[in-house]
Amino acid sequence: MATPNTPLWEVFIRSRNGLAHKHVGSLHASDATLALQAARDVYTRRGEGLSIWVVPSSAITASDPAEKGMMFEPAQSKIYRHPTFYEVPEEVGHM
Amino acid sequence: MYTQALNTSSDTEDRNIEDAARAAQFQARIDAEERIEPNDWMPAAYRKTLVRQISQHAHSEIVGMLPEGNWITRAPTLRRKAALLAKVQDECGHGLYLYAAAETLGSSREELVDQMLAGKAKYSSIFNYPTLTWADIGVIGWLVDGAAIMNQIPLCRCSYGPYARAMIRVCKEESFHQRQGYEIVLTLCRGTEEQKAMAQDALNRWWWPVLMMFGPPDQASQHNDTSTKWKIKRFSNDELRQKFVDATVPQAQYLGLAIPDPGMKLNQASGHWEYSAIDWDEFKQVLAGNGPCNRDRMAARRKAHDEGAWVREAAAAYAEKRRQRSAAQAA
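These protein sequence lines map, in sequence, to chains A and B.
Mind the numbering: the first sequence is residues 708 to 802 in our numbering, read in order.
Mind the numbering: the second sequence is residues 1322 to 1652 in our numbering, read in order.
Rather than coming from a laboratory, the hints here were simulated on the basis of the structure.
Be careful, since some hints might not be right.
Said to hold, decoys possible - In silico contact screen, one side only, chain A against chain B (beta carbon under 7 angstroms); selected entries:
{"hint": "1", "residue": "ASN724"}
{"hint": "2", "residue": "GLY725"}
{"hint": "3", "residue": "ALA727"}
{"hint": "4", "residue": "VAL799"}
{"hint": "5", "residue": "MET802"}
None of the values given here were measured: they were computed from a predicted structure.
We treat Cβ as the ideally placed atom computed from N, Cα and C, and that holds for glycine.
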């Protein structure tokens, strides 16, 4: 009989006070509690984090990198979304 | 995951002692500049204050789309139109970041939006003023967004993590808003006499309502003490208002526009611009629902909410259909 697959989890760590959790990697675990413990053991051995999130990899819906052109091109042409597009004379100072 | 039972003990006295200890621990974390995160213990009043403030902030972003949206179809050039569209789109996004931050405290967005539509929640008084001319769009970007930035920069260091992080993103985006506004006003001021007069008229109408955006004077504000203790608020209303005035006066001078306050003068000793008394009765009237556009704004929000109902229903029905289909396939 084939060995059943152990579910994959994505691990997110808050590295410093006030920062958002950031993806650091993945691991296998049979449930959420074990995933959290394994994440602690694997990803925070050198004091990398204050807090850990684990999320089943299957729960993540991702965009297709092959379609990045179609996905992100509309933002490329909208330079007026950037502050530097607008002329504010230097004498007026920072705004 | 973000809603938590604050107390499980049934013994009230034990609970009070425990709460006092937890409250002290909580305050120590705040004093040490630690950020409070959704799953952390927090006093019920801290949670309530934040839900009120963040949801009001979110409502303001959403209602704030109305006065500017009024000019999208009438922007003078394609360049201005694209910029204004992008700005209004940003405001909508800001509303979303803020509702999401409020939701981490255990209130749903639907609940918060319903409170607003029922007239039970406030939004910024400034959006109850009309945008009568194109110059108003310039002055809103320059001053209304300028005042919002003044208010929001310290909020990037607010003790509640999700709110602070939302503010960092918002502040980055606001910079474009203020600059595009100033550019509009500058263009008008460099234009014909008539265009400059239009800019001056807009400044005359917006100046005092913008100063009111910072809220009641310090001695009259009801939320300052605890909000300051909890580091939700880092500066008082009057401190922020003064910072704003000091930053804005030279900008107006550069434009060649007069601030509509004949009593305003520079205090040579302190280096601050001193402004005349603000008409707080007007502020109270606007907050009480009697500003020039309160009824219009509420009517527009309710109409949009009602007319969007079928979209929400259709999306939910489609998701349900797909769920049933994939369940049937799996079976």
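Against chain B, run the beta carbon of MET802 of chain A and see if the smallest gap drops under 7 angstroms. 5 angstroms, holds
So, VAL799 of chain A near chain B? Judge it on the closest CB pair being under 7 angstroms. 5 angstroms, holds
Measuring from the C-beta of GLY725 of chain A to each C-beta in chain B, is the shortest one below 7 angstroms? 4 angstroms, holds
Against chain B, with CB atoms and a cut of 7 angstroms, does the hint on ASN724 of chain A hold up? OK, holds: ASN724 of chain A within 7 angstroms of chain B, min 5 angstroms.
Restraint satisfaction for ALA727 of chain A [CB to CB of chain B, less than 7 angstroms]: Because about 6 angstroms separates ALA727 of chain A from the closest Cβ in chain B, which is inside the 7 angstroms limit, the hint holds.
Hint check: no violations occur; every hint is consistent with the structure.
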